[in-house]
Amino acid sequence: MALLTWNDSYSVKVKQLDDQHKKLIDMINQLYDAMKVGKGSEVIGPVLKSLMTYTQTHFSTEEQLMKLHGYPDYETHKNEHTQLVAQVGNIKKEMDAGKMPLTQNVMNFLRDWLIKHIQGNDKKYGPFLNDKGVV
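Our numbering puts the first residue of the sequence shown at 951, with every later residue one more than the last.
Think of the hints as simulated: they come from the structure by calculation, not from any bench.
Watch out, some of these pointers could steer you wrong.
Unchecked claim - With a cut-off of at most 20 Å between alpha-carbon atoms, the simulated PhoX-like pairs for lysine-lysine come out as follows:
#	residue 1	residue 2
1	K1042	K999
2	K972	K1074
3	K1028	K1073
4	K972	K1043
5	K1043	K999
6	K986	K1042
7	K1042	K963
8	K1074	K1028
9	K1082	K1017
10	K1049	K989
11	K986	K1049
12	K963	K1073
13	K999	K986
14	K963	K1049
15	K989	K972
16	K1066	K972
17	K963	K1074
18	K1073	K973
19	K1017	K1028
20	K1073	K1017
21	K965	K1017
22	K965	K1074
23	K1017	K963
24	K1082	K965
25	K1066	K1082
26	K999	K1049
27	K972	K1073
28	K1028	K1066
Unchecked claim - Derived CB-CB ranges, DEER-like:
#	residue 1	residue 2	range
29	Q1054	D976	14 to 20 Å
30	A1036	D976	20 to 26 Å
31	K972	G1039	19 to 25 Å
32	P1051	K963	37 to 43 Å
33	E1025	V987	39 to 45 Å
All C-beta atoms, glycine included, are put in the ideal place defined by N, C-alpha and C.
Generate the whole structure from the sequences, applying the supplied hints.
Okay, here's the thing in structure tokens:
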């Protein structure tokens, strides 16, 4: 069973960003599946690294669109992205050092953060970008 399942309540009404959110959900589910079956760090490490890289790509896409169109909460949104990247980076460092296993708590953090972020701050930019012709 997946940790996260996409549903339309997550849509920000910008296809490119919705598609990226769907991919992030798929990647979190891959990480969750690896954790559930007890895969070692040789599997989990690369999956987590891939998730981190794609998250940064996604954040960059969001930030470019917001900046290009003059989104008024750009700085606040960008700061939230920076905080998440730092938090996940710290988790990865701890895991790489053998100090923290990938646990259900870590997976719940990733799930809850993504859903809260999409349904909170991301939902706010959707109508703004739609008004600018971004769909």
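*For which of the previously enumerated hints does the structure constitute a violation, in increasing order of number?*
Checked against the structure, the hints that fail are numbers 4, 7, 14, 15 and 25, while the rest are satisfied.
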